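**Q** Sequence:
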Amino acid sequence: MKFQKNILFFILSALLLSCKTEPKQLFSTVPADHSNLYFENRIAENEQYNVYDYHNLYNGGGIAVIDINNDGLQDLYFTGNQVYDKLYLNKGDFVFEDISQSAGIQSSDWSTGVSVVDINQDGFLDLYVCKSGNETAENRANHLYINNGNLSFTEMAADFGLADTTHTNHSAFFDFDHDGDLDVYLLTTSNDIRNPNLLHEKDRYGLYTRDRLYINDGKGKFSEEGLRRGIYQNNHGLGLVVADINQDGWEDILASSDFLPNDLVYLNNQDGTFSHKSSDILPYQSRFSMGNDIADLNNDGLLDIMTVDMLPASNEQQKKMLMTSYHVFEVENQLGYEPEFTRNMLFLNQGILNGEPQYTEIGLFTGVASTDWSWAPLIVDFDNDGLKDIAVSNGYLRDVTDSDFVSYNMSFAEKTKSKEEMRAFMNNNAASLPHLKAKNQFFRQTGNLEFKEVTEQWTTVEKGFTNGAVIADLDNDGDFDYITHNINEPVGLFRNNSKNNYLKIKLKGLKSNSLGSGAKIEIDFNHKTQTALNLPVRGYQSSTDPSVIFGIGDEKGMAKVRVVWPSGKVSELENIEINQTIVIDEELAKEQIPSPVGAQTAHFSQSATEIIYQENRFIDYYTENLLLQKYSAPGPAVTVADIDKDGLDEIFVGGNPEWPSKLYGQTEADNFQVISEQSINNEDADAVFFDANSDGYPDLYRVKGSNEVRAPSDKFQDELYINDGHGGFLKARLPGIEFPGSKILAGDFDQDGDLDLFRFGAVLAGNFPSAAKSMLLTNDGKGNFAVTNQFDLGLITDAISADFNKDGRVDILAVGHYSSPKFLMNTLAGFKETESFPHLKGLWNSVAIADLDADGDDDVILGNVGRNYRYPFGVNKPVKVYQSSKLAGFLITYFKDGLEVPVATRDDLIRQFPGLRSKFPNYASYAKVTIDDLKDVFDRQIAEINTMESGVLWNEGNGFLFETLPSVTQQSVVNSILVKDINNDKLPDLVIAGNSRQFEPTNSGFIEGSLGQLLINNGKGQWKIISNQESGLWLKGETRNLIEIKTKKGSEILAARFQKPFIRFNFNTH
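Numbering (UniProt numbering), first residue to last: 1 to 1070.
Heads up, a few of these hints could be off.
Unchecked claim - What follows is a set of in silico ranges between Cβ atoms, one per label pair, in the way DEER data are often shown:
(1) Thr601 / Thr324: 41 to 47 angstroms
(2) Asp554 / Asn488: 18 to 24 angstroms
(3) Asn983 / Pro1061: 25 to 31 angstroms
(4) Ser925 / Asn36: 43 to 49 angstroms
(5) Pro1061 / Thr827: 29 to 35 angstroms
(6) Glu338 / Leu207: 14 to 20 angstroms
(7) Asn983 / His178: 41 to 47 angstroms
(8) Lys24 / Leu207: 52 to 58 angstroms
Unchecked claim - Keeping only pairs whose Cα atoms sit at most 20 angstroms apart, straight-line, the calculated EDC-like set for lysine to aspartate or glutamate is:
(9) Lys221 / Asp175
(10) Lys560 / Glu522
(11) Lys1060 / Glu330
Simulated from the structure, these hints should not be mistaken for laboratory data. As the structure is a prediction and not an experimental result, all values here were calculated from the model. Beta carbons: idealized from backbone N, C-alpha and C, even for Gly.
Start from the sequences, fold in the hints, and give me the full structure.
**A** Put into structure tokens, the structure is as follows:
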């Protein structure tokens, strides 16, 4: 194969001869002296409102976009905490008039979220304002402002049964039961528990902060029926979106939760009830979830989810911020909470399986995981180029997560038993805390879910404290302007200057849902499809412009529009001109006609098995605090062979001290059942069936490894079992082995006609990143093995054998962590490491070979950690490992903000090196530390990694050329690569599986960016990416191995998952 990269030349001479002008920013700031938007949400700490008595003190308020007088101009409503709410009438040209007093808006209690609805169906939009605060229940009654049609409102919440007095943060009106009227979901929180992060059983306090669901009786009266309808989980709710995420025509609920309780996903059961499904459809969640949004981010017709957290963007702030500990994470798991990590989450919808959406998480991959203390994410095509972008509002009045502040409070708490003394101490300290001013951030999508941060290019916004934020086309020019709700500062108003083409759609729904909330809109333009939802309630405590704008870039043509209304009816329009606003009326919609086309047959059909492997619990970080991932869980060790010559494969699954190893056979009913099992006191790291004694029957070799036991130890003694030919196995003798292994290869390495073994070394417990030596075990032809050579290859994770140089000898390619791929060429003098790839040092987990380009030689496919990883690295900015000549242990660094800084938090560093406490007496002293400040202690670099991407080493005949696999493959860890011609074109395709729950959870977190991938090879170095819906691959969780097996159905793929049932995939004929 010969690849030649295209080089693009840009001719700049014409530009050089002309005057250079700076491009205009996408947004222009509209000053208050022009707009008359002088609203400020002023917060002042006092005896009633302080951090001790009200933990939501600095959470701010929201905005509603509402056309109160039906003049076609969007007006604005701002909620106030300690100040009055304000209503501003849009006069045109970004000029507003404060009509709050004349309109009858006299809300002086602690207002939070606000939503828009025509609740009495009179053609004028009304406002529903939620209340909370450190107030009595009477003062927390929600307000419902009925629009009188004359620029005035009357408060009538009690009349409608909606004067709820719980701590509510937001509301969403939708017809969840399809009875023709709008019901309402109330997002709640609580101020009853002093420390909402305090670990406790889920039911310890009862339903102390359950959300509410009010049912409309169709006559203008609402009654709360949440418990009866399946709304039963506690929630410190901050974000709320209602959308049909599983595409069944019934709207579902996403409620994101701050503090300990998990986020809530309620799927609509279509019978008037909901089922809580977050643990089934989300791999994990944000720890302190704030606002959220739902949109089709990549125009595939599926709804994606974003939730935001408070992970700082800068290293200094990250090092000062209070983080959790591994012990806390473990206890949360034991108490039944779902995994949570402190970072923004971007959940990508991969398709619908059995009525449930299947999500992966790619926030780190997209670069939107750390945006400071974030509130309102909005997924919007701001520049009208046809790709949705992301805006995130940021800031917090006081840095209450400052670790020194928390430490001082905890120290004082140990000395006093007086609640009043503790209260005074905390409040005095909080008053002196620094502000966490931050810029609202914008991320422009460039395609393929790749984002570029463009805050500086798009805006001139200063740092501040923004909570709620909305989009609205305030001047009706076909792009979305941006409005922010700020603490102790005037609101922000940003005019969008996009010049790209667009199509704006306004919906006129039936009287019961006049805004058409929940409708799905699709446009087809020049054979490109875009999908959007009309979701006014989104972001944080706010309601956005109910119109939908599709960006078209600089293309020209006519559009086709399709609207699926929440009622199930459909509107379709063709030959629609662009650069205009059209109104689509539900009255003219038609009943949806089911498509006669049957479902497409996927490449694979999957079925569950009863095979499962459970790992024994061991916490690596208690002995090596600074590890970035666990090495104590190498299993499941899986190997297959037809051990009894019946044409069907048996499956061996290794064990550990708490889980027996098991041998499975196939039954007449085409299932797997346990033939035998064995309890063991060590851990199987790998296994292989091979014919050790040349009798024609596969024997079993088991490698022992793990990071739980320090070497040397007899726990690492491998085992060989000889097949007696009658279904039994007899244990044979092996040389003494006292060091951990990771991988085993069988091959005739010495060309004497029998199979030898190459055993690879695993990490040495307590000595990371040092690894045990790899070794060659030579077979005497009778199944007796001797160690004939040893190799320092490092921490190996996978290996494969082939005759790479076509000399008739079996060579080896090994990959591992903190190293580059290693070719061990088999020569007359033994194995020699001949290939070196210094720029390909990675966290390699898997390797496979195939002649991908049909040129007669083997190419190499390499599985790496991918780019959905907490600590990005590259050739010029590697992750490095240092050791000290003075202290036992290691230190890992990475590049952040242009500086090489330690990965470890101060707490983790001091746990590992207690003597450094005096060097860093507090968190602030450690926050700015770089490696230069630590080289007096950590004076030797011993390892590094510089390549994150999975890819292919193309065999050019005289060397190898590395090329990355498609972007979708970089969204997760690749643990296993199976080569198979899936589409019968005589070219090898790739089935890829991965994800990892082994990464350190307190700062890094799990990676689950894949449900399995099928890449179809065209033989020219290009790949067709097959969606999960089309492939039929649905691999939730962590898949460690893909193995082809022979069953009664023919050839199948067995997916060995970590601590989840194995899955078998049958090939469908296409």
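**Q** Please flag the earlier hints that this structure goes against, numbers listed from lowest up.
**A** Violated hints: 2, 5; rest satisfied.
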